[in-house]
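Letter by letter, the chains look like this.
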Amino acid sequence: MKEQLLNIKEEAKKVLDAAKTAQELEDARVRFLGKKGELTAVLRGMGQLSAEERPVIGQIANEVRGEIETLIETKKASVGQQERMAKLAAEKIDVTMAGKVPQMGKRHPLTSVLDEIKEIFIGMGFSIAEGPEVELDYYNFEALNIPKDHPARDTQDSFYITENVVLRSQTSPVQVRVMEKQKPPIRIIAPGRVYRSDAVDATHSPVFHQIEGLVVDKGITMADLKGTLETFLKTLYGPEAKIRLRPHHFPFTEPSAEVDVSCFVCGGKGCRVCKGEGFIEILGAGMVHPKVLERCGIDPNVYSGFAFGLGLERVVMRRMNIDDLRLFYDNDLRFLKQF
Amino acid sequence: MKIPMSWLSDYTDISGISPEEYNHALTMTGSKVEGIENIGDSVQNVVTAKIMSVEKHPDADKLKVCQVDTGKEQLQIITGADNVKPGQIVPVALDGAILPGGVKIKNGKLRGLPSYGMMCSYEEIGMTKEDFPDAEYGILILDENLPLGKDIREVFGLNENIVEFEITSNRPDCLSVIGLARETAVTFGRPFSVKAPEVKGAGDDISNYIKISVNDTDLCPRYSAKVIKNVKIGPSPKWMVDRLKASGIRSINNIVDITNYVLLEYGQPMHAFDLNYVSGNEIIVRRAKDGEEIVSLDGETRKLDSSMLMICDAKNPSCIAGVMGGEHSEVTEETKTILFESANFFGTSVRRTAQKLGLRTESSARYEKGLDANNTIPALLRACELVELLGAGEVVDGMIDIDHSDKTERRIAFDPAKINAFLGCDVKEEDMVKSLTALGFKVEKDEVIVPSFRADVEGFADVAEEVVRIFGYDKIPSTLMRSETVSAVKTPKQMAEDKVRDILTACGMYEIITYSFTNPNLFDKLLIDKDSTLRNVVKISNPLGEENSIMRTTALSSMMETLARNANFKADKARLFELAKIYLPVEGEQLPNEEQEITLGMFGACDFFDLKGIVEALLLGMNVGKVRFVPLTDDPTFHPGRAAELYIGNEKAGVLGQIHPAVCDNYDISGEVYAAQISFEAVFGGAASEKQYQPLPKYPAVVRDLAILVDEAVLAAEVEEIIKKKAKNLFAGLTLFDVYQGKQVPEGKKSMAYSLTLQSDEKTLTDEDTTGAVQEILEALKSKLGAELR
Chain H
1 MKEQLLNIKE EAKKVLDAAK TAQELEDARV RFLGKKGELT AVLRGMGQLS
51 AEERPVIGQI ANEVRGEIET LIETKKASVG QQERMAKLAA EKIDVTMAGK
101 VPQMGKRHPL TSVLDEIKEI FIGMGFSIAE GPEVELDYYN FEALNIPKDH
151 PARDTQDSFY ITENVVLRSQ TSPVQVRVME KQKPPIRIIA PGRVYRSDAV
201 DATHSPVFHQ IEGLVVDKGI TMADLKGTLE TFLKTLYGPE AKIRLRPHHF
251 PFTEPSAEVD VSCFVCGGKG CRVCKGEGFI EILGAGMVHP KVLERCGIDP
301 NVYSGFAFGL GLERVVMRRM NIDDLRLFYD NDLRFLKQF
Chain D
1001 MKIPMSWLSD YTDISGISPE EYNHALTMTG SKVEGIENIG DSVQNVVTAK
1051 IMSVEKHPDA DKLKVCQVDT GKEQLQIITG ADNVKPGQIV PVALDGAILP
1101 GGVKIKNGKL RGLPSYGMMC SYEEIGMTKE DFPDAEYGIL ILDENLPLGK
1151 DIREVFGLNE NIVEFEITSN RPDCLSVIGL ARETAVTFGR PFSVKAPEVK
1201 GAGDDISNYI KISVNDTDLC PRYSAKVIKN VKIGPSPKWM VDRLKASGIR
1251 SINNIVDITN YVLLEYGQPM HAFDLNYVSG NEIIVRRAKD GEEIVSLDGE
1301 TRKLDSSMLM ICDAKNPSCI AGVMGGEHSE VTEETKTILF ESANFFGTSV
1351 RRTAQKLGLR TESSARYEKG LDANNTIPAL LRACELVELL GAGEVVDGMI
1401 DIDHSDKTER RIAFDPAKIN AFLGCDVKEE DMVKSLTALG FKVEKDEVIV
1451 PSFRADVEGF ADVAEEVVRI FGYDKIPSTL MRSETVSAVK TPKQMAEDKV
1501 RDILTACGMY EIITYSFTNP NLFDKLLIDK DSTLRNVVKI SNPLGEENSI
1551 MRTTALSSMM ETLARNANFK ADKARLFELA KIYLPVEGEQ LPNEEQEITL
1601 GMFGACDFFD LKGIVEALLL GMNVGKVRFV PLTDDPTFHP GRAAELYIGN
1651 EKAGVLGQIH PAVCDNYDIS GEVYAAQISF EAVFGGAASE KQYQPLPKYP
1701 AVVRDLAILV DEAVLAAEVE EIIKKKAKNL FAGLTLFDVY QGKQVPEGKK
1751 SMAYSLTLQS DEKTLTDEDT TGAVQEILEA LKSKLGAELR
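Heads up: the sequence lines are chains H and D, in that order.
Residue numbering for the first sequence is 1 to 339, as defined by my numbering.
Residue numbering for the second sequence is 1001 to 1790, as defined by my numbering.
FYI, nobody ran anything at the bench for these hints, they're computed from the structure.
Warning: the hint list may mix true and false statements.
What the hints assert, rightly or not - Result set (EDC-like, lysine to aspartate or glutamate): computed pairs, CA atoms no more than 16 Å apart in a straight line:
(1) D:LYS1356 / H:ASP149
(2) D:LYS1493 / H:GLU130
(3) H:LYS106 / D:GLU1497
(4) D:LYS1499 / H:ASP115
(5) D:LYS1032 / H:GLU277
(6) D:LYS1493 / H:ASP115
(7) D:LYS1581 / H:GLU130
(8) D:LYS1475 / H:GLU230
(9) D:LYS1490 / H:ASP115
(10) H:LYS106 / D:ASP1498
(11) H:LYS291 / D:ASP1462
(12) D:LYS1573 / H:ASP332
(13) H:LYS118 / D:GLU1497
Full structure from sequences and hints, please.
What follows is the structure, given as structure tokens:
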């Protein structure tokens, strides 16, 4: 009987050595250790043994069982490892193939850049003000020191609804509306659509966007205007950007300035984009005209302020190298998907 | 405003200043230079040469072989011109010469013979018939006394730098050579002086010739005039013609040229009347009578009205004050006696008249900005001085000067410390005084006296600007405001706008921006009812065109146009949105309500539920509760069976659905198009302010499937409402996972399969709990909708 047991052990060793899959291992377990297995069959004959032999054979049988079980466990681990490796090898893919991009849309480039500009000014303590696009002539012109028959009205050919109602030709009327409602300190920007009677071409549109800025408080200086614009433009265009103020005339600011930023193509050396000047005109600005303050009930002897206005389309065109303004309003997906 | 630089040097010193320096410096003190053009740049390497011999070309009948002497060398040049003869001096373009239009001249061969350059006509060197009225066709024959080899630019004074300025509307004084010479002098710290004109006079007396009265002194503060007799009309000298031409004014004759020359030099419009055609030897400055007419210099008959100021003779209007002269009293070849007018007119009136007549002139453009009444006499005397200089006539003694202009000096407090505080600069008081004085201001103790030609300087801020523009904008330091912290956050509405964009882009939608004015035919294209309130619009009175003539009351048309355009560009699908303003007129109000509409539009690989899903995602993301979708069957813009109205609470907040094929036809789109219009204000108003935490469930959920059979007309919304209501507080979720019609389902019925999740926050649900709840639901469905369990 002892011999039978040892034979079983040897046979099991052989079978298990040859086993390569989890299934073969299981088959071997059933064959040798199962309820109807070889070892069980041998043990059934234990009853015929003498009382002395029984514990001896029993111990051998247990040892054989233990050894086979250990063998199976050991083998199982290595077979599992091999099987997993084979599976991983079979699962190999070409990781250079295109990913499955989720369907995402995008903001219009005018909105994205405007968002950026808003964030810059919010960071500088500016709030965002709004005003109507269909506006009273009073706010669009008269309160801004541009009475009827003023020659400055020529430079802004406006769309009229009635004699007193106009599509605002600038965002500056928001200045007046804010100053009428709110006492200093005031620090706002007012982005929005404006309208001018210009025929459509690569650089003109009858509808475009401006961003107005207004600061009113005690002791506001022209140097503050320069510093604010410098901070803004350096944040927008990068720390290398330089700004240049040139004298100009706007009826609602005095002194007034046109503000140029160093050409970001050539960095100020002069190139085709800046027409050799090294600078590109980017916005208009100035100290709020005392008459405008007065008309809004703010005493110009106590308070002073500055205002500025820039064209959003122009900023975005410069920034993204877009050469035709019409692209913004055509909304061609091939254009919109680029930003 | 264009002027040749040499003209400036009559009044100041510009020696040693390069065009680039000049451009930059003047721009930085406020007289923006648009560009400096050297008129000679387009003609290079063209010199005078003498024709030594002319022979026929042996192999060509029409060509001639000439030997010319440039003073340096003898050259053979072949020409096709007929008018060449030995001994003539002609312009010759040498090898490598450049002619206007970028034409380059090179040595070459003509019919076998070498030709070393080209003889030129006046056109080939950029001149016109007006420059050489007597020149014959062919090569330009020059003065025989000219030296050989002289650069043609020097011969014709083409070596001139012409500066083009952009003058702002507040500075009419700079629409003149003198004004710009003053700015130039101040900019470079150079001397500036205007010599008073000297008129010798020829005796006689103006009162023998003309009587002048000004009836409407409100529109004509000053009228000054002198008479010239024995006028000899003729051409102007070359220097005058050249200067006028450089400034863009064509030479007419000596008298007209003098008025234009003075206009440019002094900025004072002048007019010359032929006194022979001034009826009654009388001039009356008065408003026109309604119905009066005048034939202006351009030959047009102009209808006048009583708002327009006229210079009239005893009978008729003779000149439109400040705008244009009349044909009747125009200076002609036969003119013998003239009246020079140098007047000051009220700018607004000139502007209105010019606008009404559609006639903007050099003169009206200056008057409308407000001119200096003290400039009439210097300009008038300058004109007379030029008459004597040119020998164009004899200046009659005496002058008429009817002056009602305001002579009050404008005085402004001068406070250097306040100016510096306002500018944030540190300009020395003496520098301020120096700049102001050079600009023509007088500084007396603590007051600045403004010169009469600077009507734009009205107060403290204007004086500060004068100081700082000469000091230099580039020297202003950069500082940031020192003031108490101002809070800066977006308003809840502004944040909601951002969020709408965030959600929609995350849903795969691209933002578009379209014009807010549109075509009134959009209502018909969208098949909107004739009596719809949407057709009540804000109309633009002077639109660019019909297609942009109304402010939109719906943004759907812009969306449809954009979808159509993209379909046209062969896009296979589009997912678009706009946060669009619409403009809704309000009865009794001047201004409309400006509201925002969220417009969604899509085509290609999508159906109604893709659109609805995005709308639901938007509402969910915006935290809007109490949302209902109700079938919309009678909106002509939409498919009658695939559209819904969106309700937020009890308020109608929008529509969504498939666009009616008839509407698609109107926009030339084929295939299914889906669109939604949702009120931003409704979404913003319906959004719960903040989300509150719900405790996580402690007990497991139970999922039961319910398959029911109902009439096909029954709406999912009806079924779901009953289930929700009956499941009470055990309700934890409901998904419709199958709708089926066909085999095994009776005609007119449909099968709906729901997966219902039940959960209690008090205990683990037992079988009896769930079965009981489901039983209750099924009974309600049966009694209310006739639903059978399948």
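Comparing the hints with the structure gives:
1. D:LYS1356 / H:ASP149: 12 Å, holds
2. D:LYS1493 / H:GLU130: 11 Å, holds
3. H:LYS106 / D:GLU1497: Given that 16 Å is the threshold and the Cα spacing comes to 15 Å, the pair holds.
4. D:LYS1499 / H:ASP115: Within the cut-off at roughly 12 Å; holds.
5. D:LYS1032 / H:GLU277: Holds, because 13 Å separates the two Cα atoms, which is no more than 16 Å.
6. D:LYS1493 / H:ASP115: 15 Å, holds
7. D:LYS1581 / H:GLU130: Status holds; Cα separation ~13 Å.
8. D:LYS1475 / H:GLU230: Distance ~14 Å between D:LYS1475 and H:GLU230 Cα, so the pair holds.
9. D:LYS1490 / H:ASP115: 11 Å, holds
10. H:LYS106 / D:ASP1498: 13 Å, holds
11. H:LYS291 / D:ASP1462: 12 Å, holds
12. D:LYS1573 / H:ASP332: 12 Å, holds
13. H:LYS118 / D:GLU1497: 13 Å, holds
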